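Using the sequences and the accompanying hints, generate a full structural model.
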Amino acid sequence: MTSRGTILVLGVLLVAGCGNRDEHPADEGHGSDRSTPPSTIEVDAGHVEGRVTLSSERQALGGIVSQPARTRTVEPSLDLPGTVESTTQGRAVVTPPVAGRVVSITVTLGDSVRRGQTLAMIESAELAGTWSSIADAERGRDAATAALAEARSEESLANAKLAFAKASLARQRELATAGAFSQAPLQQAQIELSDAQSELLSVQQEQASHAEVVRRLESLYRDGIVSRADLEAARLELQQDVIRLERAGARIANAKATYDRERLIAGRGLLNARELQAAEAEVRSATLEVERARARNRAAAASLSNAARAVANAREVYRANTGGAGASVGRVALTAPISGIVTHLDVTRGQAVDRTQALLEVENLASVWVTAMVPERDASRVQSGAAVEVSAAALKGGPLRGVVQVVGSRIEPKSRGIPIRCLVADSGGRLKPGMFATVRLAVGRGREVLAVSASSIVAESGRSFVFVQNGELFMKTEVSLGERTGDAVEVRSGISLGDRIVTKGTLVLVSELKKDELKGHDH
Numbered sequence: 002m003t004s005r006g007t008i009l010v011l012g013v014l015l016v017a018g019c020g021n022r023d024e025h026p027a028d029e030g031h032g033s034d035r036s037t038p039p040s041t042i043e044v045d046a047g048h049v050e051g052r053v054t055l056s057s058e059r060q061a062l063g064g065i066v067s068q069p070a071r072t073r074t075v076e077p078s079l080d081l082p083g084t085v086e087s088t089t090q091g092r093a094v095v096t097p098p099v100a101g102r103v104v105s106i107t108v109t110l111g112d113s114v115r116r117g118q119t120l121a122m123i124e125s126a127e128l129a130g131t132w133s134s135i136a137d138a139e140r141g142r143d144a145a146t147a148a149l150a151e152a153r154s155e156e157s158l159a160n161a162k163l164a165f166a167k168a169s170l171a172r173q174r175e176l177a178t179a180g181a182f183s184q185a186p187l188q189q190a191q192i193e194l195s196d197a198q199s200e201l202l203s204v205q206q207e208q209a210s211h212a213e214v215v216r217r218l219e220s221l222y223r224d225g226i227v228s229r230a231d232l233e234a235a236r237l238e239l240q241q242d243v244i245r246l247e248r249a250g251a252r253i254a255n256a257k258a259t260y261d262r263e264r265l266i267a268g269r270g271l272l273n274a275r276e277l278q279a280a281e282a283e284v285r286s287a288t289l290e291v292e293r294a295r296a297r298n299r300a301a302a303a304s305l306s307n308a309a310r311a312v313a314n315a316r317e318v319y320r321a322n323t324g325g326a327g328a329s330v331g332r333v334a335l336t337a338p339i340s341g342i343v344t345h346l347d348v349t350r351g352q353a354v355d356r357t358q359a360l361l362e363v364e365n366l367a368s369v370w371v372t373a374m375v376p377e378r379d380a381s382r383v384q385s386g387a388a389v390e391v392s393a394a395a396l397k398g399g400p401l402r403g404v405v406q407v408v409g410s411r412i413e414p415k416s417r418g419i420p421i422r423c424l425v426a427d428s429g430g431r432l433k434p435g436m437f438a439t440v441r442l443a444v445g446r447g448r449e450v451l452a453v454s455a456s457s458i459v460a461e462s463g464r465s466f467v468f469v470q471n472g473e474l475f476m477k478t479e480v481s482l483g484e485r486t487g488d489a490v491e492v493r494s495g496i497s498l499g500d501r502i503v504t505k506g507t508l509v510l511v512s513e514l515k516k517d518e519l520k521g522h523d524h
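Per the working numbering, residue 2 is the first one in the sequence shown, and the count goes up by one each step.
Calculated directly from the structure, the hints in this document are not laboratory data. Predicted model, so just to flag it, every value in this text is computed and none were measured. Keep in mind that a hint or two might mislead.
Label pairs and their calculated CB-CB ranges [unchecked claim]:
{"no.": "1", "residue 1": "Arg464", "residue 2": "Arg411", "range": "33 to 41 Å"}
{"no.": "2", "residue 1": "Ala282", "residue 2": "Gln191", "range": "19 to 27 Å"}
{"no.": "3", "residue 1": "Gln191", "residue 2": "Arg217", "range": "34 to 42 Å"}
{"no.": "4", "residue 1": "Asn160", "residue 2": "Glu127", "range": "28 to 36 Å"}
{"no.": "5", "residue 1": "Gly386", "residue 2": "Gly463", "range": "34 to 42 Å"}
{"no.": "6", "residue 1": "Arg71", "residue 2": "Glu461", "range": "45 to 53 Å"}
{"no.": "7", "residue 1": "Gln406", "residue 2": "Arg320", "range": "31 to 39 Å"}
{"no.": "8", "residue 1": "Ala147", "residue 2": "Arg172", "range": "36 to 44 Å"}
All residues carry an ideal CB built from backbone N, CA and C; glycine is no exception.
Listed below in structure tokens is the structure:
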């Protein structure tokens, strides 16, 4: 009690003491006269009761409040000492997936974090090497992919050439079977001859034009209108025309000779075996090219498959080294496995760390376990799923509700009790790991009984009493108590339904009794 509370109680007692000197009403219940002391103690078969008389003014000054005794629903329950613990989902230890050096820390002790939030960044030479292996494997895969595409393209081209060669051979064979002859060489020779003649005519026309230009420039040169360089350039172009003219004449001669030869072959009715042989040779060449292209295609496909496996293996090694966390080249981010509060931080910037080192701990106290021990005699009364109320000295706002989730299968040898684990799902962080708590466990069905408020009970020497009010008279009455649910306590005997029971100010009444007892001893 605080000093202010002590002073208030002493003041109340002084005022009450002064009032007792003037007021001595008769005790209607027992027929006492005015000579009877204001407070007496009677003993009858073990039953103790005392009387205190207070005026309404002194009752108000002492803060005395009474209520009628009534029936309430109470449930049999057990009050068990318990300990608060983190749930398996509510606590997470963060360890580095790879050895390295801490380059940054983004949280401090006590910070609230969300799941997936980056807590720290680690730089690792091992991780950088693994990343380099991935890059090398991917380059090999890309090269194998390009080689396979090229091999497939070559195979397609080879197949097209083979198909064309086979078609040409079939056509040549059809012509040979029908007794026809290939006119293609003769037609080609005739076309070549026509082209040569056209070229000669074109060169001759250009030569005549260039000769006219030279004659005009010579006249202008003599008159001093153009330079000698312009004249020499024109003469050079004319000389080139002469050379082209000679070449065109030679081409006409060769084309004419070829044309005469092909016309002679066609005119004699000879089979152009040369074309047939060439077509057969082209088919053989195309077939070999297709086979080579298919071999390259198979080799490229095998190389691509090996390269893809190499990439997958390198990435698997990288994932193993990072533990699946977000990572960049040579660096890996440590992220929060759960949302909660950073409750442990054992790392500094620049520190070298290894895989087994616990760097941070994150706890989410939205839900907690409360472990309690049920006595062996009550073990059969506990079932999984039973509702509980959890209270603690540091818990404000009243008890929290929970549920029994785990009932132990063995009796603990030391405590001779069975452990139970209760889940409090909405603790809101008010229950901390390691905190001592009281678990109220319902072990039976509710029933209607006569009950009073827990604040009405006065405990003395292992016995329980209440104060029954009758106007200005307060009688201290011993009661036998039963089950307790929340603030309601079952009263099995001692009072009746409707009796007005003091719920507040019992301390003042107890003090009055003690004071009157001391006065009685003085007389």
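Legend entry - Non-conforming hints, listed in increasing numerical order: Checked against the structure, the hints that fail are numbers 4 and 6, while the rest are satisfied.
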